[in-house]
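Residue strings, one per chain:
There are 2 protein chains.
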Amino acid sequence: MSEASTTEPTADDLFGPDNLPYGVYTTPDAPERPRIGVRLGDRVLDAGAAAGLLNLLEAPDAGLLTAPSLDPLLAAGRPAWSRVRAALRTAVTDPDRLARVTEAGLLLPLSGVTMRLPFTVADYVDFYSSEHHATNVGRLFRPDGEPLTPNWKHLPIGYHGRAGTVVVSGTPVVRPGGQRRPPGAEEPVFGPSTRLDIEAEVGFVVGTPSRLGEAVPMDGFRDHVFGLCLLNDWSARDVQAWEYVPLGPFLGKSFATSVAAWITPLEALEEARTAPPERTHPLLPYLDDTAPGARDDGPGHGYDLRITVRLNGEIIAEPPFSAMYWTAAQQLAHLTVNGASLRTGDLYASGTVSGPEPHQLGCLLELTRNGRDPITGGFGKRTFLEDGDEVTLTAWAPGPGGGRIGLGEVTGRIEPAG
Amino acid sequence: MSEASTTEPTADDLFGPDNLPYGVYTTPDAPERPRIGVRLGDRVLDAGAAAGLLNLLEAPDAGLLTAPSLDPLLAAGRPAWSRVRAALRTAVTDPDRLARVTEAGLLLPLSGVTMRLPFTVADYVDFYSSEHHATNVGRLFRPDGEPLTPNWKHLPIGYHGRAGTVVVSGTPVVRPGGQRRPPGAEEPVFGPSTRLDIEAEVGFVVGTPSRLGEAVPMDGFRDHVFGLCLLNDWSARDVQAWEYVPLGPFLGKSFATSVAAWITPLEALEEARTAPPERTHPLLPYLDDTAPGARDDGPGHGYDLRITVRLNGEIIAEPPFSAMYWTAAQQLAHLTVNGASLRTGDLYASGTVSGPEPHQLGCLLELTRNGRDPITGGFGKRTFLEDGDEVTLTAWAPGPGGGRIGLGEVTGRIEPAG
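In order, the protein sequences belong to chains E and B.
Just so you know, our numbering puts 88 at position 88 of the first sequence, and the rest follows in order with no gaps.
Just so you know, our numbering puts 150 at position 150 of the second sequence, and the rest follows in order with no gaps.
Heads up, a few of these hints could be off.
Same chains, same names: a pair is fine if it fits in one copy or spans any two.
[Stated by the list, open to error] Under the rule of at most 20 Å between Cα atoms (straight-line distance), these lysine to aspartate or glutamate pairs were calculated in the EDC-like manner:
| no. | residue 1 | residue 2 |
| --- | --- | --- |
| 1 | K153 | E186 |
| 2 | K153 | E187 |
| 3 | K381 | E415 |
| 4 | K381 | D296 |
Hints listed in this document are in silico derivations from the structure and should not be mistaken for laboratory results.
With the hints as extra help, turn the sequences into a complete structure.
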């Protein structure tokens, strides 16, 4: 396994005043009172109290930060998102103001709070938008056929997942039970999954809803999507393999999907925007991000997010989000082109992020070639996850002035089947 | 097309005091004040006001009926469901009490109110549990292969659908746009779906939640599921055919799913319980409803629901729910066997209900053999739905004393693509 390729940046480097991701936390003395926090280094700012103390926001914006979840902020729309972010930036960049919130005890050590699921997940959709991942999986499962299905280059393939089992980073993941058919067997057996995997992904959080019957075009992306977060779409490959024909993944995915505790607003990621890979097939107009005007507001809707996957603390992969074929703007346009409405809190994920290189693969299925080539490290040999294994995704993106924007980590430890 | 095989029963026959389904309605003078109603014939009882006037329920039960949706009632659990139902039954069967609520203006004509989506849909899952439907579809799409996939007799196949586009009966359905690949073409085209279909289904509404990591066994069905309703899972067959390999249906289904305005509590359907079809394959223990003890509380978890599908008023099919291979109890056990949690408001649907006979098929795909054999009627010829077409599902089940329990209808009219 490779070592980290750069000196480890500090929390202050990754979560400085140009970042300011939002989360929801509780403190030990008030476990029933969730509060909105903004991360600054390895501290969390009590955002509602700070904005109140400093008198930074007028009604109704002020109420968005004193809510017990991000739901009202998400629903408030892009102009409000900008106003609130500007106010919080003032609070943490002006030394006098920062001193006042610190004196008032509103800047707490992250180690002393418990992070909660920061918003109510409405619908959860998972895409399949890495060409490298889809090609690798296709080669493993259909060695004699075309690795990509005929539709793959024409639309971002996706499916609905279970919103009710989206959990916040740190939540233990119990090894799921399920049906699987052992190789060569006629009949399925029941038991704990023996091929438990990760999927390193990025999730996008919808703020502004849309009406039923209304398609949201690609250039509506920034008005509807509030921000993004790392996401681990845990997968029981044996369960999935037996169940998924003809209606897609179901129980192989629905037992848990972990999201980071911190939602990074798109506004923090302007420097990270990048053009997606060259389009090898002509696209229908609603997905064509090469058409005149489609990139008027920037280089494109790709994001240069550098993801690191750790197994029990050791780096096992470094998938580059910039390699994703389909962008989040295309995914949003596709998701709604049939008139399906968006709700505040809709979450849609990129699909496993994999790059072209062997150390850039976002799941064990690819890293071990479906269990044929175990990976090794201080943790020993692994094909799929063992009980007690802990998987952690981190990432950073280029920020203003050569700085870095860190994404909140998503971590989870496997507990034995119940 | 066949005529209705029996004399049309009246609303009083179908929605008598042994039925009492729950819905949520508004009146023209208070369109922003949804209220819980109970259907009696072609009238709706203002349930919260009636229970208050008659002093029929103590706290906290009384509050369950004054809520603006069924959510608190669903969450209250089976003992509360029984107490509330018993109280409402008293209100409508005791002549003095019925006279008092009538005098108080609490029994309104159904034609004067607007029905609303009665509960907040948490996750929506759609199964595929009719052997006749799955066999017919398999024969149409894989004429040279086995009609059923190898997993079909071992588990109830299902997938997650879009909860945010579940709409109440009567909501217009806009013809969805989407990608499809015309027969013989290499490249897809974009446009309004030309193969818009219905799926006649029954939906089950979860009341009592379960914890993450906890499997709900089959005999937990009555404790967790509050009731059922008719459901039409509108499907764009051309969109679905192009998109669904390898991750299942997505935009072909997500534009709209219609549910009846009335949720029939399971308690009203005790007489309708029936044994499911004989199991042709041995089942794993968590799904084995033939094992000793599995049917201790009754004949089985099938329901004898007689569904009628009308196109522009004419009967085009009469699918029997009793023919479903997999029961709602098995679906619930399967859905949670991997530890996936249930939330109040989870909705899961049976999949298209089809019986063995030609007039018992629950979708146009089967009725017209994938568009090859149009159906005809006063509406002319149809392969798939045309703009302006109205589809209505109704159903009844055997009730106490030879009576009938009607299910609330689900209806929708196709509007042209936007």
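Against the structure, the hints:
{"no.": "1", "hint": "K153 <-> E186", "in the structure": "between (35 Å within a copy, 12 Å between copies)"}
{"no.": "2", "hint": "K153 <-> E187", "in the structure": "between (36 Å within a copy, 10 Å between copies)"}
{"no.": "3", "hint": "K381 <-> E415", "in the structure": "within (19 Å within a copy, 58 Å between copies)"}
{"no.": "4", "hint": "K381 <-> D296", "in the structure": "neither (49 Å within a copy, 48 Å between copies)"}
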